[in-house]
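**Student:** Sequence:
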Amino acid sequence: MGQFTNPRDLYFGEGARHEVKKLKGSKALIVTGGGSMRRGGFLQEVEADLKEAGFEVQIFEGVESDPSVDTVMRGAKAMEEFGPDWIIGIGGGSPIDAAKGMWLFYEYPDETFEEAVVPFSFPTLRTKARFCAISSTSGTATEVTAFSVITDYEKGIKYPLADFNITPDVAIVDPELTYTMPVKLCAHTGMDALTHAIEAYVSTASSMFTDANALHAIREIVEWLPASYQGDHEARAHMHEAQCLAGIAFSSGLLGIVHSMAHKTGAAYSGDHIIHGCANAMYLGKVIQFNAKDTRAKTRYAYIAHEILHLPGETEDELVAALVQKIRDLNDQLNIPQGIKNYGKGGVKADESIIDYDEFKAKKADVAANALLDACTGSNPRQPTQKDMEKLLECVYNDEDVDF
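Mind the numbering: the sequence shown is residues 1 to 404 in our numbering, read in order.
Hints listed in this document are in silico derivations from the structure and should not be mistaken for laboratory results.
Hints are not guaranteed to be accurate.
SDA-like cross-link-like pairs, simulated, lysine to any residue; straight-line CA separation at most 25 Å [unchecked claim]:
| hint | residue 1 | residue 2 |
| --- | --- | --- |
| 1 | 293 | 310 |
| 2 | 391 | 267 |
| 3 | 364 | 66 |
| 4 | 326 | 212 |
The whole structure should be built from the sequences, with the hints applied where relevant.
**Tutor:** Laid out in structure tokens, this is it:
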């Protein structure tokens, strides 16, 4: 038996943010990030629209990139004091993810984070508030998903919260919020979205419902991401909707070990964080090579290459190789490194990595063990061993083909 869960309402297109006027309630708490939504005027517009709809409004600002456990708990406390019946997350994946975590602890103050990170174990939400998400980046699709990623900086681990309860009630996909998105963010979030769609399509939890969204998202992302990176508004509008389709696919179809590794390598090293979307872009081709040892996965990768992207190749092996090369070509176009050995500050290509290899090697076994336990590993088409995961990590550091 499968499950396919989406927000009840999804508003899209230029100006869709103003649909918050249709929400019914008395108090709304807006959660947002580092200031881009305020600088662009979008935060003020949403606040004004909510007030016009009769809401008392409070704003929780300053959610950091890769939101922390501490930020989540502070936000939950602010909600407890204010008592909203609507929570509005606006911005990139970080403030929306943080707001999802805050929502849980607002409704269940006695819940522990150790309980929350157990996949699909949440208590029933909506006892106090409902949730609206307005995305400003074209990648995480957290506005339509049952997932949130929260970082425990003390432990150096990213925790994916996973439960259909945290699927937003209302999603707003307004491309105007993306038109000033920095090109580096465009690149990383775009490759994150492509990873979502490809992993969802080969996942063991995929279905006809998720496949339809995943395949169209792949076609759109590969076609429009390079132009979106150059700032073209039409391309950014296509990307904003395509990444949402990818989110719909993986929210019910789940993900795989590209994300397992990205979650566990993201905050593990002292040099700097490995940006999530950049990690996915570096790891995706390697995982495709690993998973293609599974017959079903190979056939599905070949279908993407031949039927969706029209890449060259006569055999499934040739088509899989063409798909891996297409991902490498996209990385090159977007100034994304192919391996951690070339990971520079902010996720751009560099001659030397800011992630020290000796530290990487020393932590490899622990990172591999954590990745195996990640919520995304169970739906990967080929289940890795501890040894496999350690070898995969070596390949993603050194940009080496995977042949095991």
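**Student:** Could you work out which earlier hints the structure fails to respect and list their numbers in ascending sequence?
**Tutor:** none
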